[in-house]
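Student: As a plain string of letters, each chain reads:
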Amino acid sequence: MNAVYLDHAATTPVREEVIEAMLPYFKDKFGNASSVYSFGREARKALDQARQTVAEVLNADFNEIVFTGGGSEADNLAIKGAAWEYRNKGRHLITSSIEHHAVLHPMQQLEREGFEVTYLPVDDQGLISVEELANAIREDTILVSIMHANNEIGVIEPIAQIGAITKERGVLFHTDAVQTVGVMDIDVKKLNVDLLSMSAHKFYGPKGVGALYVRKGVRLIPLIHGGSHESRRRAGTENVAGIVGLAKALELADAERSVVVPRIQRLRDRLIDGLLQIPHTRLNGSRTERLPNNVSVSIEFIEGESLLLNLDLKGIAASSGSACTSGSLDPSHVLMALGLTHEVAHGSLRLSLGRENTDAEIDYVLETLPPIVERLREMSPLFSS
Amino acid sequence: MYSEKVMDHFQHPRNVGEIPDADGVGVEGNARCGDIMKIWIKVEDGRIVDVKFKTFGCAAAVATSSMITELVKGKTLDEAEAITNKSVAEALDGLPPIKMHCSNLAADALKNAIADYRAKKLQSV
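Here the protein sequences line up with chains A and B, keeping their order.
First residue of the first sequence: 271, per the numbering used here; consecutive thereafter.
First residue of the second sequence: 327, per the numbering used here; consecutive thereafter.
Don't take each hint at face value.
[Said to hold, decoys possible] With beta-carbon atoms standing in for the labels, derived distance ranges:
1. Pro283(A) to Val375(B): 48 to 58 Å
2. Arg358(B) to Leu546(A): 23 to 33 Å
3. Ser654(A) to Lys399(B): 18 to 28 Å
4. Arg358(B) to Phe653(A): 14 to 24 Å
5. Asp394(A) to Glu416(B): 43 to 53 Å
Because the hints were derived from the structure by calculation, they are not lab data.
Computed from a prediction, not measured in an experiment: that's the story for all the values here.
By construction, the Cβ of each residue, glycine as well, lies at the ideal position given by its N, Cα and C atoms.
Full structure from sequences and hints, please.
Tutor: Here it is, written out as structure tokens:
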């Protein structure tokens, strides 16, 4: 068995069709989209087309799409940009305790700048309470940011319901949709969002390019000042090839979703059912409100990094919320927010599927993993058989 | 990230298990960091004649545990106590900096086992 890649929530390979669409913009059509001569016009045309494609897929307007240098930048632009712009209206922000660091850390920065942030908890299934969120909104609340689906446990939050409340209360609503764009059908109007972040490399596009949907009428103070690019919301000569790649990847994902996603979801269910056969193993997060490509389990009495290295030796690429893999001494804040103990959170394993995964690969994982777990447990002082 | 020696000890840990009639047992670490080591020693005439371990933790924790069991077999208690976490890491050709703090606890576990042996001995006298 060759390498089995099951870390699509981390990143995905760039599709052949996407590379082909991008290539001309490195060489023959290298122009600066701001130039008036033909090279520039070619680049401008490509940018316009890409923006139109992204807008159509999201059910947004052309001018509502801002291209960025990735998902983290889109999150930062949405959160800091809105907070700075509307600071005279209020200084209160609401988010959840399970957001990606690209949301949590800008929030913490804003706290240092005098804003107040409410971090909503989640239940043991990883879900936000819409009622609790409604109660947290105050007179001075200017922005709510709740992720569409969580990157570690794959739980899908009730974005449309939350958006209905923020709309009624006149509060801006941002969602980090980095894990869902390309996987789920995204309609910004149905989701009731004002701001939505995405990242191309999560849906078979290139790294270093993302986009932010900014509903018409919402103003943001830019993070990067300079030229008048992106309607003065993000200065810097556009990454034309990257943006073309993002749009192509999104277009392909959108067109193929109805065929690809049910297949991935079936593989996911096989994986979940198979892994839960291992004793003392639990699924992290809701089984039903779950991304079709996410498997996150906690395997008690073993530590995640040991498991990952053993899987790697067998050619399986996965990830863990263990402290050892997070670069800090604490396990994942997401798993801790679910109420898991430290020991259990250290034994977490995330397998995230993609379009190229096969039944044979799932068979291989389900054959390979249990003996590794058994061996590590035999070595664990926490385990008694 | 890890040296070849670390990976070797991680993949083929030496002396895994328990000694039911051990003369000393030591534990070190905590679940918060994600590393816990338990070590059992058998002592004869002031020398460690057998040693086994069980470890919950990352590759560094497993490898340091395995390495120390190789280092102490046949050593006197005084020699064994002189082993430091740092010398265990050196015997493995080093550890990544972040692992030096949390996952390098085998020498401490061993010291606890020796202290346990000495305490038991005092009690039995």
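Student: Could you run down the list of hints and mark each one as holding or not?
Tutor: Taking the hints in turn, this is what the structure says about them:
Judged by the Cβ atoms, the range 48 to 58 Å given for Pro283(A) and Val375(B) holds: they are separated by roughly 55 Å. Between Arg358(B) and Leu546(A) the beta carbon distance is about 27 Å. The supplied range of 23 to 33 Å therefore holds. A C-beta distance of roughly 26 Å is found between Ser654(A) and Lys399(B), which places it inside the suggested range of 18 to 28 Å. For the pair Arg358(B) and Phe653(A), the supplied restraint of 14 to 24 Å holds, since their beta-carbon distance comes to about 18 Å.
Taken as a hint, the range 43 to 53 Å holds for the pair Asp394(A) and Glu416(B), whose Cβ atoms sit roughly 45 Å apart.
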